[in-house]
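As a plain string of letters, each chain reads:
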Amino acid sequence: DVKVTQSSRYLVKRTGEKVFLECVQDMDHENMFWYRQDPGLGLRLIYFSYDVKMKEKGDIPEGYSVSREKKERFSLILESASTNQTSMYLCASSWGQTETEAFFGQGTRLTVV
Amino acid sequence: QKEVEQNSGPLSVPEGAIASLNCTYSDRVSQSFFWYRQYSGKSPELIMSIYSNGDKEDGRFTAQLNKASQYVSLLIRDSQPSDSATYLCAVTGNTDKLIFGTGTRLQVFP
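Those protein sequences? They're chains A and B, same order as listed. Per our numbering: the first sequence ends with 113, consecutive numbering throughout. Per our numbering: the second sequence ends with 110, consecutive numbering throughout.
Note that these hints are calculated values from the structure, not bench results. This structure is a prediction, so every number in the text was calculated from the model and none was measured. Here a beta-carbon is modelled for each residue, glycine too, at the ideal position from N, C-alpha and C. Certain hints may be false.
Stated by the list, open to error - If you want the footprint, here are the derived chain A segments under chain B, 3+ residues with CB under 8 Å:
id, stretch
1, 27-37
2, 60-67
3, 84-94
What the hints assert, rightly or not - Capping the alpha-carbon separation at 30 Å, the derived lysine-lysine pairs in DSBU-like fashion look like this:
id, chain 1, residue 1, chain 2, residue 2
4, A, K18, B, K97
5, A, K13, A, K57
6, B, K56, A, K13
Stated by the list, open to error - Just a sample of chain B residues kept apart from chain A, beta carbon distances all over 12 Å, derived:
id, residue
7, S8
8, P14
9, I18
10, G41
11, T62
12, S73
13, P81
14, S84
Given only the sequences and the hints, what does the whole structure look like? Please build it.
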């Protein structure tokens with residue numbers, strides 16, 4: 001079974017803190033994704049990585065950065081957390097072909113106070 | 001215009017009926033199409049994928065794709081209360097970037 005693991009299920013951080021969300025997949029997938037999910041807004045893509053050290057901005061990259069130094073690990077970084085970044089964050093991974101399905105981690109509920 | 005559009009619902013259907021969920025997309029080069037189901041408090045899980053025009057059936061689920069109309073749908077036959085969830089349509093283009101719609105909430109009542 002494909003496993004996508006996010007480092008934390010719940011996080012509470014203070015405004016202005018630098019926050020790291022980690023995601024690890026065990027299926028040698030080429031692609032990894034970070035989404036945030038808010039009520040009524042669906043899943044919005046923050047960043048997409050299609051290979052080690054390769055990334056592409058999604059729809060809402062402002063205030064976020066990413067790092068992919070190893071194929072299995074994709075990190076989302078909030079440079080200076082703000083209250084409007086309080087959300088559910090979902091990581092996903094998929095094979096490097098267009099006929100592919102994405103597998104999701106369990107999600108991280110981040111609250112910025 | 002949003003890249004992937006869905007009616008937010010809720011769509012309410014009685015148990016045993018057919019539920020019809022619809023999705024439109026704006027990018028004509030879109031190549032792969034997916035339906036995910038998300039229960040409240042859980043992560044999305046894939047239920048159907050479709051890559052070419054026409055119908056694809058899997059058990060009680062049928063996905064329909066019409067690339068000329070930029071339209072993809074999901075039919076759920078013999079709907080059960082356990083099908084009550086949010087259904088997310090997702091699309092990739094000529095890259096593997098996966099874009100989701102906002103989802104349609106389905107309620108199946110006994």
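**Report entry** Numbers of the earlier hints that this structure fails to satisfy, in rising order
**Finding:** Result: hints 2, 6, 7, 10 break, sorted rising.
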